[in-house]
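Peer 1: These protein sequence lines are chains L and Z, in that order. Reminder that position 24 of the first sequence reads as 24 in this note's numbering, one-by-one numbering, no gaps. When you read off a place in the second sequence, starting at 1, and then add 1000, the result is the number in this note's numbering.
By construction, these hints were calculated from the structure, which means they are not laboratory data. Just so you know, these numbers come straight off a predicted model, no measurement behind them. For every residue, glycine included, the Cβ atom is placed at its ideal position computed from N, Cα and C. Any given hint might turn out to be false.
[To be verified] Quick list of simulated restraints, FRET-style, between CB atoms:
#	chain 1	residue 1	chain 2	residue 2	range
1	Z	1057	L	44	21 to 29 Å
2	L	44	Z	1018	13 to 21 Å
3	L	22	Z	1028	35 to 43 Å
4	Z	1006	L	38	26 to 34 Å
[Said to hold, decoys possible] Examples of chain L residues lying across from chain Z (beta carbon under 7 Å, computed):
#	residue
5	22
6	23
7	24
8	46
[Claimed, not checked] Once the Cα atoms are required to be at most 27 Å apart in a straight line, the calculated BS3-like pairs of lysine-lysine come out as:
#	chain 1	residue 1	chain 2	residue 2
9	L	15	Z	1020
10	Z	1073	L	15
11	Z	1073	Z	1130
12	L	15	Z	1093
13	Z	1070	Z	1020
14	Z	1070	Z	1130
15	Z	1073	Z	1135
16	Z	1020	Z	1093
17	Z	1130	L	15
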Amino acid sequence: MTNDTYTAEESGMSKVEMIAAGTSAAIIVVGAIFWIIQIRGVMEMLELAYG
Amino acid sequence: MELLTFFEWLESSMLGQAAKSYGGVYAMFQSAHLFSMALLGGTVLLTDLRLLGVLFRDVPSNVVADNAHKWFKVALAIILGTGVFMVAGVAIKCYHNSFFWYKMTALATGIAFVFAVKRPLLNQDHELLKPWILKSVAIASILVWFTVAATGRWIGFS
């Protein structure tokens, strides 16, 4: 039994579910940070332009 | 070969010259690109909103995901083909545009996510999978393809 299988069985998730959960979380976090930075940039530009 | 050299070669190639010189041909490729994006977006939304339990709740999500994926692949192939032609016409401009690279990063992430993570997961019986994982995958998928579309449009406005 590999460590991966052991961890997956302990958490009640299959390996493919764990990969999906981890990758999805990473995409959601990075995507949220990216869009927050873009929106803040636009807001700063609007403030500079219109006060 | 440096990346810029490749983009310079692409723009001066026959493909780049054709894209620059024939506005009608460029418009046709762009239309095909947009239609394919609509198809790809449709298959993504169909699958992901079904996984989130918003659409077609009376149809098994396995059926929706499997059928949508066939058209996703068709749309992606057309998008990639027409996209190369469109980039060829303005390759150097694209090279210096940060949103072009944001889009390419999001596109590569989206493709890798679909074929390496989402499909292997959705090939299994959805009844046996944890609902929160299916929902997380759906949200991540919508976010990554939204980013591809939005940054793609942003190229033209930056």
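Peer 1: A closest beta-carbon separation below 7 Å is what the hint needs, so does residue 23 of chain L meet it against chain Z?
Peer 2: 5 Å, holds
Peer 1: Keeping to a limit of 27 Å between CA atoms, is the pair of residue 15 of chain L and residue 1093 of chain Z held or broken?
Peer 2: At roughly 43 Å apart (the allowed maximum being 27 Å), residue 1093 of chain Z and residue 15 of chain L break the hint.
Peer 1: Regarding the hint that residue 24 of chain L lies at the interface with chain Z, is the smallest CB-CB distance below 7 Å?
Peer 2: Interface hint status for residue 24 of chain L: holds (4 Å vs cutoff 7 Å).
Peer 1: For a C-alpha distance cap of 27 Å, please report whether residue 1073 of chain Z and residue 1130 of chain Z respect it.
Peer 2: 26 Å, holds
Peer 1: Against the 27 Å threshold, does the CA-CA distance of residue 1073 of chain Z and residue 15 of chain L hold or violate the hint?
Peer 2: 25 Å, holds
Peer 1: Has the given pair, residue 1130 of chain Z with residue 15 of chain L, been kept, meaning a C-alpha gap of at most 27 Å?
Peer 2: 12 Å, holds
Peer 1: Does residue 1130 of chain Z sit within 27 Å of residue 1070 of chain Z, going by the straight-line distance between their CA atoms?
Peer 2: 24 Å, holds
Peer 1: Does residue 22 of chain L pass the interface hint, meaning its C-beta sits closer than 7 Å to a C-beta of chain Z?
Peer 2: Status violated, d = 9 Å.
Peer 1: Compare the distance between the alpha carbons of residue 15 of chain L and residue 1020 of chain Z with 27 Å, and conclude whether the hinted pair is satisfied.
Peer 2: 49 Å, violated
Peer 1: Mind checking the CB of residue 46 of chain L against every CB in chain Z and telling me if the closest is under 7 Å?
Peer 2: Violated. Min distance 15 Å.
Peer 1: Go ahead and decide if the range 21 to 29 Å is satisfied by the Cβ distance of residue 1057 of chain Z to residue 44 of chain L.
Peer 2: 43 Å, violated
Peer 1: Given the hinted pair residue 1070 of chain Z and residue 1020 of chain Z, is their Cα-Cα distance within 27 Å?
Peer 2: Distance of about 33 Å is beyond 27 Å: violated.
Going through the hint list in order, the structure does not satisfy hints 1, 2, 5, 8, 9, 12, 13.
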